[in-house]
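Asks: Sequences are here, hints too, so could you generate the full structure?
Those sequence lines, one after another, are chains A and B. Here this note's numbering is used: position 39 in the first sequence is 39, and no number is missing along the way. To get this note's numbering, take the position in the second sequence, counting from 1, and add 1000.
These aren't lab readings, by the way, just hints derived from the structure by calculation. Computed from a predicted model, the values in this text were never measured in an experiment. All residues carry an ideal CB built from backbone N, CA and C; glycine is no exception. Be a bit skeptical, because a hint or two may be false.
Okay, derived cross-link-like pairs now, DSS-like style, lysine-lysine, Cα gap no bigger than 30 angstroms in a straight line [claimed, not checked]:
#	chain 1	residue 1	chain 2	residue 2
1	A	K83	B	K1074
2	A	K99	B	K1277
3	A	K42	B	K1316
4	B	K1277	B	K1074
5	B	K1294	A	K83
6	A	K8	B	K1286
7	B	K1286	A	K83
One-sided excerpt, in silico: chain B residues whose CB lies under 8 angstroms from chain A [what the hints assert, rightly or not]:
#	residue
8	G1030
9	I1031
10	I1135
11	T1226
12	K1259
13	K1286
14	R1290
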Amino acid sequence: MLELKFTKEHEWVRIMDELAIIGISDFAQEQLGDIVSIELPKTGGVFRQGQTMAIVDSVKASSDIYAPISGEIVEVNEGLIEKPEVINQSPYDLGWIAKIKPSKMEEFESLMTREEYDRYIGQIK
Amino acid sequence: MQTTFYDIHKSLDAKIVNFHGWEMPLQYTGIMDEHVNVRTNVGLFDVSHMGRFEIKGQHSLAFLQELVTNDLEKLGDHQALYSPMCYEDGGIVDDIIAYRLAHDRFLVVVNASNRSKDFEWISKHSKSAENVEDISDRTALLAIQGPRACDVLQELVEMDLQSVKPFHLVDANIDGIECMLSRTGYTGEDGFELFFDSSRTEIWSKLMHHGERFGIKPAGLGARDTLRLEAGLMLYGNDMDENTTPLEVPLKWTISFGKKQEFIGKKALSKSHPSKKLVGFEVLEKRIARQGNKVLVEGMEVGFVTSGSFSPTLRKSIGFCFVPVEVLLDQSIQIDIGGKPYEAKVSSTRFYKRK
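Replies: In structure tokens, the structure reads:
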């Protein structure tokens, strides 16, 4: 299994074929509750690390999703527009949000490992 | 603060939130799931955080009539009435349900957020003969709501519950526990609210046990909020407050200008010409409007969202907002969500009506 890395804002990133696949963590989807809509970024859009790239709405709250890594959006998970609940059901797999062509691959290394992330959410729980 | 059912909520692994100082269950399995179950089967809510006052004495009726805008003379024994209580200027102190237990005894149920304010307000206006007592701590309040609510409760009581009309109440005995059952609720579904001694927490498990074959599930404050919004029921603190009159929200029907007794706020309300009104709206794009979002007409800010959510029944983004009185039904408006305008249209506040 390819290594997942995490941000403090609860996004995850996985590198596959030199592309960064991103989504939100299981902890994030659980905190948000039932996700009912998502505003996806446009392909071709360019984001700096930490910029808002998508917005998810759950029944109770709206939440920005920040680019965990700088680069250009090459693909988005269009299926989420009709079935945003897939993020709740499969946050690390079918619920991926976008694929980014990273412009600064070194940013990936600076993100939290799964172990570090688990410790981090243990502190904020 | 915790209600008498707090340990039960914890044992059910509920997500607990602070609601005006109360540690309450937001959800057990999920808001959508609980919401849909109340619309299709039956849900059980702990609403013991709400304030409950008993008003006793020969002058109870006259005293309460002065405080509420609706006409309590309409009530016979064991009947309930919804009403705002207003300040002199017509602003709303709270919206309450008054239950006439006997000609000289009333029960008043108020919002949890307003419990101490209301108690002070009511006590201040009581004459010495009146006895106003806050009985919230020694009583528990559960709401069983949904199309199968009556079936579940019927398993536990002998009398025929179908004969209990909406906004009527009966005294009942559940396995030796005295309960008052009132056919009221805050979900837009049929259902009952149960008042009983706060030590008798076993009522919860009795209802859950007998409700099993009817599909009962516990439901939290999250589902309570989406259910009441779909049903067009307003929430104090969101949709109305001391700066809102009942004429500005769809509560004109609760003001009884013709009742015999004068009531606080009558003079101001009878002269009032509101410039804003509360309406429903539906967002036509895939975003959820939230409380505080600005409402725009042709780019101009004209009002704000007071409640907004996803509607699990209609699968749409809905809410209530204030707009100028000139705004019409079905008119196109925009809602500013996160700095961007989204298309919406004005609708009735009643999004859902049960068949």
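Asks: Each hint: holds or not?
Replies: Consistency of the hints with the structure:
1. The straight-line distance between the Cα atoms of K83 of chain A and K1074 of chain B is roughly 50 angstroms, outside the 30 angstroms bound, and the hint therefore fails.
2. Our distance criterion of 30 angstroms between C-alpha atoms is broken by K99 of chain A and K1277 of chain B, whose separation comes to about 46 angstroms.
3. For the given pair, K42 of chain A sits about 23 angstroms from K1316 of chain B by alpha-carbon distance, which is consistent with the 30 angstroms threshold.
4. Straight-line distance between C-alpha atoms of K1277 of chain B and K1074 of chain B comes to about 28 angstroms, which keeps the hinted pair within the 30 angstroms bound.
5. At most 30 angstroms may separate the alpha-carbon atoms for a hinted pair to count; K1294 of chain B and K83 of chain A meet this at roughly 28 angstroms.
6. Of the supplied pair hints, the one linking K8 of chain A and K1286 of chain B holds, its CA atoms being roughly 27 angstroms apart against a limit of 30 angstroms.
7. Of the supplied pair hints, the one linking K1286 of chain B and K83 of chain A holds, its CA atoms being roughly 12 angstroms apart against a limit of 30 angstroms.
8. A hinted interface residue such as G1030 of chain B counts as satisfied when its beta carbon comes closer than 8 angstroms to some beta carbon of chain A; here the least separation is about 5 angstroms, so the hint holds.
9. The criterion of a C-beta within 8 angstroms of any C-beta in chain A is met by I1031 of chain B, whose closest approach is roughly 5 angstroms, and the hint holds.
10. Because the closest C-beta pair between I1135 of chain B and chain A is about 32 angstroms apart, greater than 8 angstroms, the hint is violated.
11. Below 8 angstroms, beta-carbon pairs count as interface contacts, and T1226 of chain B has one with chain A at about 6 angstroms; its hint therefore holds.
12. Evaluation of the K1259 of chain B hint against chain A yields a violated restraint, the C-beta minimum of about 40 angstroms exceeding 8 angstroms.
13. Taking 8 angstroms as the C-beta contact cut-off toward chain A, the hint placing K1286 of chain B at the interface holds, the least distance being around 4 angstroms.
14. Among the interface hints, the one on R1290 of chain B holds; its C-beta lies about 6 angstroms from the nearest C-beta in chain A, closer than the 8 angstroms criterion.
Of the hints listed earlier, those the structure fails to meet are numbers 1, 2, 10, 12, in rising order.
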